[in-house]
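Residue numbers (this note's numbering), protein chains in the order written: chain S, 50 to 311; chain H, 7 to 454.
Calculated from the structure, these hints are not laboratory results. Check before you lean on any hint, since a few could be wrong.
Derived DSSO-like pairs: lysine-lysine, alpha-carbon spacing no greater than 30 Å straight-line [as the list claims (entries may be wrong)]:
{"no.": "1", "chain 1": "H", "residue 1": "Lys181", "chain 2": "S", "residue 2": "Lys307"}
{"no.": "2", "chain 1": "S", "residue 1": "Lys308", "chain 2": "S", "residue 2": "Lys103"}
{"no.": "3", "chain 1": "S", "residue 1": "Lys103", "chain 2": "S", "residue 2": "Lys285"}
{"no.": "4", "chain 1": "S", "residue 1": "Lys303", "chain 2": "H", "residue 2": "Lys214"}
{"no.": "5", "chain 1": "H", "residue 1": "Lys139", "chain 2": "S", "residue 2": "Lys87"}
{"no.": "6", "chain 1": "S", "residue 1": "Lys303", "chain 2": "S", "residue 2": "Lys100"}
{"no.": "7", "chain 1": "H", "residue 1": "Lys181", "chain 2": "S", "residue 2": "Lys77"}
{"no.": "8", "chain 1": "H", "residue 1": "Lys371", "chain 2": "S", "residue 2": "Lys136"}
{"no.": "9", "chain 1": "H", "residue 1": "Lys139", "chain 2": "S", "residue 2": "Lys307"}
{"no.": "10", "chain 1": "S", "residue 1": "Lys110", "chain 2": "H", "residue 2": "Lys139"}
{"no.": "11", "chain 1": "S", "residue 1": "Lys308", "chain 2": "H", "residue 2": "Lys104"}
{"no.": "12", "chain 1": "S", "residue 1": "Lys136", "chain 2": "H", "residue 2": "Lys279"}
{"no.": "13", "chain 1": "H", "residue 1": "Lys104", "chain 2": "S", "residue 2": "Lys303"}
{"no.": "14", "chain 1": "S", "residue 1": "Lys110", "chain 2": "S", "residue 2": "Lys136"}
{"no.": "15", "chain 1": "S", "residue 1": "Lys285", "chain 2": "H", "residue 2": "Lys181"}
{"no.": "16", "chain 1": "S", "residue 1": "Lys87", "chain 2": "S", "residue 2": "Lys285"}
{"no.": "17", "chain 1": "H", "residue 1": "Lys139", "chain 2": "S", "residue 2": "Lys303"}
{"no.": "18", "chain 1": "S", "residue 1": "Lys260", "chain 2": "S", "residue 2": "Lys77"}
Under 7 Å between C-beta atoms, here's a sample of chain S residues computed to sit facing chain H [to be verified]:
{"no.": "19", "residue": "Ser119"}
{"no.": "20", "residue": "Asp122"}
{"no.": "21", "residue": "Asp134"}
{"no.": "22", "residue": "Ala158"}
{"no.": "23", "residue": "Arg164"}
Backbone N, C-alpha and C fix where the C-beta goes; we use that ideal spot for every residue, glycine too.
Listed below, chain by chain, are the residues.
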Amino acid sequence: MVRYLLLIFIMILPFNASAQTGDEVVKKSQAAFHYQGKDFKARVIMKLISKGGKERLRELKMLRKNYGESGGDQKFFMYFFQPADVKDMTFMVYKYPAKDDDRWLFVPAINMVRRIAAQDKTSSFVGSDFTYEDISGRDIEDDNHTIVKEEKIGENDCYVIKSAPKRGDVDYSYKLSWIDKTHFLPIKEEYYDRKGELYKVFSADEIKDVKGFPTIAKRTMKNLQSGHSTEVAYIKSDYNIGIEDSLFSERFLKQPLKKWIE
Amino acid sequence: MKTKISLKLSFLRMQESSIFGSSELLYFWIPVPCLKLAGTGFMAMTISLLFPFHAMASDISIHGFLQGNYSYSTTENPDGGDFKWGEERIQLKIDAAKEQFRLFIKADASYDHIDEDSELELRETYIDYTASKWDLRLGRQIITWGLGDLIFINDVFPKDYEAFFSGRPLEYLKKGIDGIKVGVYPEFASFEIIVIPFFESNNYPAPKRFYMFDPMPTVTNREENEPQTAFKNTEFALRAYRDIAGFDASVYFYRGYFRKPYMLPDNLNNTTKITLFYPEVSVYGASLQGRMLDGVLSLEAGHYDSREDRSGTDWTVPNSQTRFLIGYQRQIWEDFTAGLQYYGEYMHDYSDYKENQPAGLPRDKRFYQLATIRLTQFLMHQTLKLSLFSFYSPSDGDYMLNPELKYNFSDNVWAAIGWNIFGGGEEWSQFGQLAQNDNIYLQLRYEF
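So that you can see chain H by itself, here it is in the shape it has in the complex:
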């Protein structure tokens, strides 16, 4: 059964930061056996065991950071707590290269004050091999495709929305995949081919910390079915790109799964158990980006072919959709940049959807729309950054606002405070359901 129990989130991407981009991280492997090893993929583990960095490296660099990250809920959480996030974290990044090989490890160790829990997490661990016309990356890696600023069409890779809504630094929105990426670079175009044998779902906010819409709150017996690791379930993604008349042009293809879980009740009239599952999808997309009208114009589109429900009559599986995005970014004056985006999501077979969806469940619109604005002003030789990002849905009437202030005390120390504000729309709409989750966050980081 299809519902918006999870957020209807297709968004997310990156923000400006000091120097000109966003911040960057550093990490290291800390062998603390008592810590829970979280999110540690099989391939990442294998790689770090097979290739001890000291054995191969002639050139090793180690960097990292210490970070405090706290997010205060302006309304008490569902479980009575006051914080959406509260942790200290160390990240270490090892980079070792020898000739055409490179090993990269990025690992976090953190202590979470809310659950009083320690965690060790391999954010990325991979080996690169570089030849003159092709290269290969094997292991846990972060892949980012598409052009949207916090809106994703062809970026079909896993996200962590809990991190995004809890006021964590932006890089934590992206989750790594365990897989293989091959780059091929003939003269006429470039290609990225990605194979993902191990499925990774999106991460959504935990119900004890976030108020979220649930169409069947009384059914607590729930089981999650992720696609098993098997040859037939392996995800495959391809991107081809080149310059066309000064524009960066890409085409994309993906064959895999929706990363948001959908709900399948055992019996609609008397539901005792819900199975969460990930329907199959193929995505065909394209994007174009270049200079226009003294700014940068971005166009992106994707067709989501919902392979398990091509007729659109199965209400437990999402209908096929076409998604598109128009973005424009421009510097208005010194150190001030504005970005605007308009995003649309058109559902095919809408009459079948309406006919077959059981009564009492919230209904999606045929044409969902979302607009964003990002304003960024740097001051004091780019040590102080004021920014505002906002989502507003013209079709659903809901919104999210995120004003933020970031200050670099020195080259090594920065702090950011910000506010996530949600509201409008219906109790099940994307941001409307988060209306009680406003939070004020603080990020503090020492980098080395």
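Looking at chain S on its own, in the form it has when it is part of the complex:
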């Protein structure tokens, strides 16, 4: 009898494994979005567009290295090319999954490296519509994730996930994400405010294959309430480029190596 039960159990196992829960989809999505490769580089061009159409530009080199599994520790190194008043500034983040990050900023005008205090969850990244959390990924544990439906966006078959924060530590009450079933990148995200009204929309506008990794090359975040939006292009992206651990140090924060900031 036990044998038969075991057999039945083994037979249904694959079906159970293929049925996705909200948490599993989000986990895969985070792996695809924020953890692909051992390391990653990109030249990031951010266009900040005001309601009246006035544009500001931020251009930086972003380098990222994973330490451990997907969802684990990461280190980020960013060098700014533009605008002029922040040129040559560098910014470094040690990201940890379950606690606050460590971050350092180098200010060349006074040749000083300082730690900075910041809350990822609500802070705008360099004045854009993206928060720090949008750039480096939000902890999966911080939200309850449920699959609300499956839907096609253009050619993409997607899971639609509702993510509701467990604590009121962000300015949205919930988020809907359309996550592609094949590569698990988010195609679209909608943020709903505390009144339940849609106020922020993310879209992945172009997805490119880089060394076999599907990568969002163009993305937009639009704030429907303020009319402000941010368009981001990742150019010259690459994975598994052999970033040394020593890059993430005060030494190179002060004097970045040419080979990494070109």
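Since chain S is already given, all that's left is putting chain H on it; use the hints.
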């Protein structure tokens, strides 16, 4: 003779600015022979002559800015003028790199409306050589150590307090040194070794523009004695640092001179001449900084060994001191950050100091204290910054307040207006002596 003719300033450091830090500059060498070449160090000159940038560079970038900077005194200056500062300035920055070498030149040309004077100044000029485990920087360079926000313990390098009190952009608080810095990076820790053959003092406000306390105002015959450039006078500084359990830990050592001048009268009872000199000092320090209580905690301390007066009985030389700092910074809500600091300065051999100091001169407290608060709020996608920095001394009762508003009109153009307000304490205390020097300033900059 030790007095506080110059300010008892141990402070200063940096502020937040757009994007997340402070602003940055750009510069270039303008060969205008008629301009006075100010602050141009021998090494910097040598370097720029020996290494014409076009000869070595495969990768040259040139940036810079145009700036207007005006500071209106709310009380008439000692010489009757209305402005603490009034100038237009161009700065150019050349950066040329080839393989392991890099040449960097940052030069300012300015026109000062108050003295009706032009000036050309090399802010920084150096060559870098980078190897895999060490590097070298030779020339005029800015060095910043320690953790304080406008409070300096282990940052023993020269400052320009006139710039700070006149409402100039913050980077002008730091002066370059002419020297050599060697970085060594073995696995277990990192090291910075600095050798400074050419002494550079702090710059304090000019008496014609600022009211400052002077204990002997009638003695106008004054001579300044800076340490001569000689092997035995060469300053030496070392910093070793590494991560300890998620905290940035550093230890520091410095052997050199106080950068504030002290006064030596020729004859105490009938002074006809005062010599300003820079006593010898060694500083032993340490600092620790890391995440704590949802913010960043900073701890720093330094022992100032006054080598010319270890017994504390020579009243013309400062006594040895221990200085410490506790700082905490936290983001309270989106784009709003608060920082608090408490600083103390404990004088050793206080009874010897009291016994030996002549009557009639202002007396320091055994334990000097200073507290600061910095509040910064960014608005409008970080194009508008409102900030407040304030010093208050619980032991002396004096203060300085600096509210500022900065707006980025575009990526290239920004303006800042602010107000420096001083008061409280005694006529000789650090900020109390500046009580008549309140000023409102405007900074305008176009960056390219």
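Status of each hint after checking the structure:
no., hint, result
1, H/Lys181 <-> S/Lys307, "holds, 27 Å"
2, S/Lys308 <-> S/Lys103, "violated, 34 Å"
3, S/Lys103 <-> S/Lys285, "holds, 27 Å"
4, S/Lys303 <-> H/Lys214, "violated, 39 Å"
5, H/Lys139 <-> S/Lys87, "holds, 24 Å"
6, S/Lys303 <-> S/Lys100, "violated, 36 Å"
7, H/Lys181 <-> S/Lys77, "violated, 52 Å"
8, H/Lys371 <-> S/Lys136, "violated, 44 Å"
9, H/Lys139 <-> S/Lys307, "holds, 16 Å"
10, S/Lys110 <-> H/Lys139, "holds, 24 Å"
11, S/Lys308 <-> H/Lys104, "holds, 12 Å"
12, S/Lys136 <-> H/Lys279, "violated, 50 Å"
13, H/Lys104 <-> S/Lys303, "holds, 18 Å"
14, S/Lys110 <-> S/Lys136, "holds, 11 Å"
15, S/Lys285 <-> H/Lys181, "violated, 39 Å"
16, S/Lys87 <-> S/Lys285, "holds, 17 Å"
17, H/Lys139 <-> S/Lys303, "holds, 15 Å"
18, S/Lys260 <-> S/Lys77, "holds, 19 Å"
19, Ser119, "violated, 23 Å"
20, Asp122, "violated, 12 Å"
21, Asp134, "holds, 5 Å"
22, Ala158, "holds, 4 Å"
23, Arg164, "holds, 5 Å"
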